[in-house]
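Asks: Residue-level listing of the chains:
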Amino acid sequence: MKRTIVALAAVAFATPALAQYPEQSIEVLVPFNAGSGPDASFRMLQPELEEILGQPMVVRNVGGAGGTVGAAQFAAQDADGYYLAFMPVGTTTTQPHLRDVTYDDTSFEPICMTIQDPMAVSVSPDSGISSMDELIARAGEGTVTSGGPPPGSLPHIAQAAVAAAYDVDFRYVPHEGGSAAARSILGGQVDVLVDPVGSIINYGLQPLAVLNDSRLDAAPDLPTIDEAGGPPLRYSIWFGLFAPAGTPEEILTALDEACQAGTATERYQATVENSGRTPRFMARDEFSDFFRQQYQDNAELLSAVGLAQ
Amino acid sequence: MALSGQGRADVIYGAVAAMGGTAMFAHTFSDRYSNEFLFGDVSTTFVPRILLGLIVLLSLGLVVKGLRDRDGGKLPAVAIGRVALVFGACVLSIAGVWFIGYLIAMPIGVFLVGWAFGYPNKLVLLVTAIVAPLLTWLVLAEFAQVSFPNGQVF
Amino acid sequence: MLEFVPGAFSSAFTFSILLCLAIGTVAGIIIGALPGLGTVLGLVMALPFTYVLEPGPAIALLLAIYVSSIYGGSISAILINVPGTPQSAASVFDGYPMAQRGDGALALGWATIASFVGGVFSLVILVMLAPQLARFALNFGPIETFALIVFALTTIAWVSSGEMLKGLLAACIGLFLATVGPDAMTGQVRFHFDNLFLSAGLTVIPLLIGFFAVSEILYQAAYLKDVKLPAVTSGGFKVPPWSAWKPRIVTLLRSCGIGSFIGVLPGTGATAAVFVSYADAKRRAPNPEDFGKGEPSGLIASESANNAVSGGAMVPMMALGIPGDGGTVVLLGALTIHNVIPGVRLFSTQPDLVTLIFVLLLLANIFMLMIGAFGANVFSRMLKIPTTLLMPLVFMMSVVGAYAIRSNPVDIIVIAVFGLIGFLLRMNKFPPAPIIIGFVLGVPLEMSFRQGLILTDMNVLLFFESPIALVLFIITALIVLGQFGAFKALSRAVGRGKG
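Residue numbers (the working numbering), protein chains in the order written: chain A, 1 to 309; chain B, 1001 to 1154; chain C, 2001 to 2499.
In case anyone wonders, no lab produced these hints; they're calculated from the structure.
Incorrect hints may have been included.
Computed far set for chain C versus chain B, every beta-carbon distance over 10 angstroms [what the hints assert, rightly or not]: (1) S2011; (2) V2127; (3) L2369.
Within a straight-line C-alpha distance of at most 25 angstroms, the following computed DSS-like cross-link-like pairs (lysine-lysine) qualify [what the hints assert, rightly or not]: (4) C:K2384 x B:K1122; (5) C:K2238 x C:K2384; (6) C:K2225 x C:K2429; (7) C:K2238 x C:K2293; (8) B:K1065 x C:K2429; (9) C:K2384 x C:K2293; (10) C:K2228 x B:K1122; (11) C:K2384 x C:K2246; (12) C:K2384 x C:K2225; (13) C:K2293 x C:K2225; (14) C:K2246 x C:K2293; (15) C:K2225 x B:K1122.
Note that beta-carbon positions come from the ideal geometry of N, C-alpha and C, so glycine has one too.
Based on the provided sequences and hints, a complete structural model is requested.
Replies: Listed below in structure tokens is the structure:
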């Protein structure tokens, strides 16, 4: 019932000229392989959007190179509202500073954010470490290794920032992805993983502190980094819906409203939370500013860590 | 200095592989790989260089083997013309599929490849060339939402 | 766990679940048999359909496709010398020669039953030992994984059919091809020559399509004498007699074990497992010279191993929430969307659901056996069309399959380029399998090696401190020495014979 009301409201607020949009199915590009994290994150939203917009949303997976291959293809698409992309923070705001890509922050029109997973510093439950201070103490005594996806990814940047802020060294061991790194943590070969809290809990790892303003509902006993006495670090992996630059204003508004309605449904919230992720809606205006700010911030971050071109 | 057919082939293949390997090896010294993010392990060209080195070594070994092969026998007769025709048809089809799109280019491609093979009944071939790609597209692209090339021109 | 079995069985025997199992099995066999599609693509195609289903039927559909597509690949491997999936790459060695000499029906019988045995074997292991196996597998860190992959590379010797030099060269080329694209250790891109599409690197299915499917097309173009000759003259389904099974039981069980074990471990995957199993069977066989000419042991070694990997790969997925291979990545994603979160907590909080999943996996294997026998017959009949008409269709599926994986035009170029290269190599007696083995193992080999270097601070000697790695290195060394030892003994014998 609630969904129908929200859907009706979304349609009612669309301007008469665009009451027709969308007239046919919309292709959504996910620049990662099917079944991966970003792919699953979008597929949770897909049924909601399809219901609200009344048209199929066809997912097209173009994986490769941290999402840059798909994103580059997407940037060249027609801006008619029938090609959208669902992309994470890495592909849109860190990868452009790491390698030569054909797009930048002006190539896309941000529509809305749908998920924002704050990351946490985690260790193996068998490690005997139960607080950030203990971890830092051990880093001071000897070598602490940290693992995660290839360099340039958010987990990598986050762990580098944590180490830098505490003035210690983590030796980074790149893996194919977060789950491969989790395996090494559980196996005791690597010590630390910085990853979204939900994933950490699913892997059975021990989170020490979350890099966020406030505690998460999913982990009420997990202190924030500030509470743990550490520096004010904020790192999260977010996902957003994008349109190519130049998409008409009315279409963007319609999509923004559909996104707001879709992320508000109980089914969406429940599915996302169940999987260990944190649903978070950010409307177009706020998300636009946030996106552009992240693009700048991450450029500086990457330079600070010694990675930028 | 009569090399057998097999020996000649070995020499050619070995030489080509050795040259390719050496070229790639030289490429690993280009500027693009000099900007290193070192993480306490080897550089990004370390393992490729080892592999390329092995390739060059082994292919030179193949050349030597070929040169010493006096009684390897002749290679069986090959219908080179038809192979070239079929391969040409394949390449054209792939180019067509990419630039014009699957729906138009694939039927033409299937027909061309079948014709190059010498399939006698052209009518059956024509029907197959139209029906099979269309059916595949209906089931996979429309029903299962698999990605097909749409063509660059359109 | 056992107390949930009756309940799980009764919830499994509902119309919707049984229907999904049937549809999934049929779809899986077809997807597997059609060259170029493959298990991962099959699961991805089914994914949208599972959203409208309840968790039970959704899981049934996916598991049926997962299991049956692995088996389906053997059908085209046996009948037309083109593996339908990467996991059936080793089934062409003995399957196709069997079909060529008129034993096609028997070959399909061997393959179907071996696939079933492999699937059930690994399921039993999954049910009894999943958490413990997962825990044990965690001891395989980067260094141990590196040792395992080095060991797996020795299989090249047994699939090179006598041409060791060419086999090694092919393997090195395969290993090198794996380095094209992003270097996961540094994020840098290698050998892409500034091409955006190439910056994503190469992927196994287009290479497989090129080396096995397109090269077969060109091979037929080269040698086919009769344009009206049917592609398949001997097909159908015939169960091999017990007298033929009896001496091969040990080989069968060992292959199941190898497949299950490698499925559980990180890094290697089904394609590698199949070659390891084949090599092991050949090494231990009393008649190794028959392998590659239509020896059933080779076929069952390959087909039981690849289905055994399916159960094995589900061990880390179910017990840790960490996928074991490409198929389980999609399974994991699908389960997540249905609010089933595999991992440490699933076994304790939803044991009934876990039992249901096991029961569904068992039923999927049974459906595969029953429908597989039927499907083998149907496919054999369908493939009786002339080769000259079939090859263009194989080409069509090759293009479709290559592009479908990741919508990257490099892949459809790859099938042509490597089709030609594969054909040329075949003409000069290069074995095709080592290139695939090298390619599949290339990334995990380099990655685990360099991870190991980081962990040991560049001190390679520390690699030998790990007991598991040490054991694997010793086994590898023994195998390699055995190979050379055999050569030495042979040359001595030959020398004695001449003198």
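Asks: Decide, hint by hint, whether the structure agrees.
Replies: Each hint, compared with the structure:
At roughly 28 angstroms, the least C-beta separation between C:S2011 and chain B is larger than 10 angstroms, which holds for a residue marked as non-interface. The Cβ of C:V2127 sits about 32 angstroms from the closest Cβ of chain B, beyond the 10 angstroms cut-off, so the non-interface label holds. Non-interface status of C:L2369 relative to chain B is upheld: no Cβ of that chain comes within 10 angstroms, the nearest being about 25 angstroms off. For the given pair, C:K2384 sits about 18 angstroms from B:K1122 by alpha-carbon distance, which is consistent with the 25 angstroms threshold.
Between C:K2238 and C:K2384 the CA atoms are separated by roughly 18 angstroms; this keeps the pair inside 25 angstroms, and the hint holds. For the hint linking C:K2225 to C:K2429, the alpha-carbon distance of about 21 angstroms falls within 25 angstroms, and the restraint holds. A threshold of 25 angstroms between alpha carbons decides the hint, and for C:K2238 with C:K2293 the separation of about 19 angstroms falls inside it, so the pair holds. Between B:K1065 and C:K2429, the direct Cα distance comes to roughly 14 angstroms. Compliance with the 25 angstroms bound is thereby established for this hinted pair.
Among the hinted pairs, C:K2384 with C:K2293 is consistent with the structure: their alpha-carbon atoms are about 23 angstroms apart, no more than 25 angstroms. With a C-alpha separation of about 13 angstroms, the suggested pair C:K2228 and B:K1122 falls inside the 25 angstroms cut-off, and the hint holds. For the hint linking C:K2384 to C:K2246, the alpha-carbon distance of about 32 angstroms lies beyond 25 angstroms, and the restraint is violated. Under the criterion of a C-alpha separation no larger than 25 angstroms, the hint pairing C:K2384 with C:K2225 is consistent with the structure, at around 17 angstroms.
Annotation: proposed proximity of C:K2293 to C:K2225 holds, straight-line Cα distance about 22 angstroms (limit 25 angstroms). For the hint linking C:K2246 to C:K2293, the alpha-carbon distance of about 20 angstroms falls within 25 angstroms, and the restraint holds. The hinted pair formed by C:K2225 and B:K1122 meets the criterion: a straight-line CA distance of about 19 angstroms does not exceed 25 angstroms.
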